[in-house]
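Protein chains: 2
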Amino acid sequence: MLNQEGCPGNMLAIKDAMDVLEGRWKLPILIALSSGSKRFRQISKSIEGISDKMLARELKDLELNLLIRRDALDEASLIAEYTITEHGRSLEQVLRALYAWGQEHRRQVIGK
Amino acid sequence: MLNQEGCPGNMLAIKDAMDVLEGRWKLPILIALSSGSKRFRQISKSIEGISDKMLARELKDLELNLLIRRDALDEASLIAEYTITEHGRSLEQVLRALYAWGQEHRRQVIGK
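Just so you know, the sequences run in chain order A and B. Position one of the first sequence corresponds to residue 0 (numbering that gives the first Met the number 0), numbered consecutively onward. Position one of the second sequence corresponds to residue 0 (numbering that gives the first Met the number 0), numbered consecutively onward.
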């Protein structure tokens, strides 16, 4: 993409992927769920600083994007469990690429 | 990262990489420069909708992040040429990973 005249059509897919990851909370939530299904309160406890309102909004967004699944355990009391989906786990390669580049970037920019 | 208990320390490098790519204009600018060095006006013409003020700001930011280099061609009239650096080109792998995942995401979410 950067080794030839870039194709603007590729930008749409890149933007889609960026949108899914953007913001402060989505990755911490996915990481919290990567070790197993959790209830709302368990996720909330494992992520410092997130409000219930924000967590509810982000969970909804991740669910709509098919990255997590919500399973109702008890309809009466609205208890549910959240599980990362296969599609959610498929972000692994993206995260690895971002991580490797981010580390190198840190070396380049701060190392100077 | 998503296949085991995620390490919060990794988040910093991932966030660094995301920060560099975020926003509407950085990628189009890098793509515009991927085919060769360009002057301000040439970049401006190749990116629809960007204002001069925004382009100047983004070029400065990309330069500070060592993704592009600014070479003064004529100090008197402030003419300069912008070139993507090796570090800028090293984003290729990140873009490929984002592109591949974004395409699959589109299939998953819109294909339903």
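It is possible that some hints are incorrect.
Any copy, or any two copies together, can satisfy a pair, since identical chains are not distinguished.
[Stated by the list, open to error] Below, in silico cross-link-like pairs of lysine to aspartate or glutamate (EDC-like), each with a Cα-Cα straight-line distance of 20 Å or less:
| no. | residue 1 | residue 2 |
| --- | --- | --- |
| 1 | 37 | 21 |
| 2 | 14 | 103 |
| 3 | 25 | 15 |
| 4 | 37 | 18 |
| 5 | 52 | 15 |
| 6 | 25 | 103 |
| 7 | 14 | 74 |
| 8 | 14 | 51 |
| 9 | 44 | 85 |
| 10 | 14 | 73 |
| 11 | 14 | 91 |
| 12 | 14 | 47 |
| 13 | 37 | 103 |
| 14 | 52 | 91 |
| 15 | 25 | 51 |
| 16 | 44 | 15 |
| 17 | 52 | 103 |
If you're looking for bench data, these hints aren't it; they were derived computationally from the structure. Source: prediction; values computed, not measured.
If any of the earlier hints don't hold here, list their numbers in rising order.
1, 4, 5, 7, 8, 9, 10, 13, 14, 16, 17
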